[in-house]
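S.K.: As a plain string of letters, each chain reads:
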Amino acid sequence: QQQVRQSPQSLTVWEGETAILNCSYENSAFDYFPWYQQFPGEGPALLISILSVSDKKEDGRFTIFFNKREKKLSLHIADSQPGDSATYFCAASGTGGYKVVFGSGTRLLVSP
Amino acid sequence: EAAVTQSPRSKVAVTGGKVTLSCHQTNNHDYMYWYRQDTGHGLRLIHYSYVADSTEKGDIPDGYKASRPSQENFSLILELASLSQTAVYFCASSGTRYEQYFGPGTRLTVL
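Those sequence lines, one after another, are chains U and X. Residues 1 to 112 in this note's numbering are what the first sequence spells out, letter by letter. Residues 113 to 223 in this note's numbering are what the second sequence spells out, letter by letter.
Errors might be hidden in some of the hints.
Unchecked claim - Each computed PhoX-like pair below joins lysine-lysine, with the alpha-carbon atoms no more than 20 angstroms apart: (1) X:K177 to U:K99; (2) U:K68 to U:K56; (3) U:K57 to U:K71; (4) U:K56 to U:K72; (5) U:K99 to X:K169; (6) U:K56 to U:K71.
The set of hints was computed from the structure by calculation and includes no laboratory data.
Next up, chain X with everything else stripped away, as it sits in the complex:
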């Protein structure tokens, strides 16, 4: 049974629209992360959280907001989607620094 799930699995959004990507984990982990994956750039950290109701900026936070309403749930919000935000987004959770558990990803296309 998948421990990190993401929804939706794919989405097409219009430029300037609002997009919310959701992540749910059943690992009972404190840490959760949002990454984007682009060809040639690997995985880049957008936001992360180590406790409910608190989020931290990662390496590329501009244009993104995050929300952690509970230990299990972590959302990524694009208030004004732009073409440059077309990418695959991964959520992950970790209970130690030694391993992150990734979800299956959300493919976002902004037109």
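Isolated chain U, as found in the complex:
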């Protein structure tokens, strides 16, 4: 039973395009949604996050769009760069909890 689902599994975009990574969840108790970025051979690192009281969060070229009613969110990477090539994990946690549920990840390749 996967509580956090991601699509697509892999995505290839050209340099300069906007990459869109999708995520959905099942548990209505989730209220915090971080996205982690992982480069090959390294551990994941927090990239950007959003609380469920917001519907949008921007940090430079990275933007999260959040739809609480549909239990969906997406990560948009504008002006994608080859250095953005990595695996991106959508995750979720609930109020007062330190446990985080991770999705299966989207592997992004940005071609120059």
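Since the structure of chain U is provided, determine the placement of chain X on it from the hints.
M.R.: For chain X alone, kept in the frame of chain U given last:
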């Protein structure tokens, strides 16, 4: 300077043998976690701990034990390693619910 370190970075073990993976953090965080990563499954929580000398089961604890002898150290123990436990294992620490800090991972191969 890396705040979460893991040892060994890679290991080959034999089926039925005992394996211990170690994690050390200098973040002064109360929470520590062990995850395994498999292609197609993302990160799955095995065990976690919020205080020394206490551990909690995560989502896939079967076949694994954990030990937290101090705030800084957290070990994952495979008493009888099996082929299905071949994976990359990550340790993480957190001081709040908003960010986990991951180590570089241990690649475990069970033959």
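S.K.: Next step is simple, just say for each hint if it's right about the structure.
M.R.: Hint check:
1. X:K177 to U:K99: 18 angstroms, holds
2. U:K68 to U:K56: Given pair K68 of chain U, K56 of chain U holds - Cα atoms ~11 angstroms apart, limit 20 angstroms.
3. U:K57 to U:K71: 16 angstroms, holds
4. U:K56 to U:K72: 12 angstroms, holds
5. U:K99 to X:K169: Holds: K99 of chain U and K169 of chain X sit about 11 angstroms apart, inside 20 angstroms.
6. U:K56 to U:K71: OK: K56 of chain U and K71 of chain U at ~14 angstroms, within 20 angstroms.
Violated hints: none; the structure is consistent with every hint.
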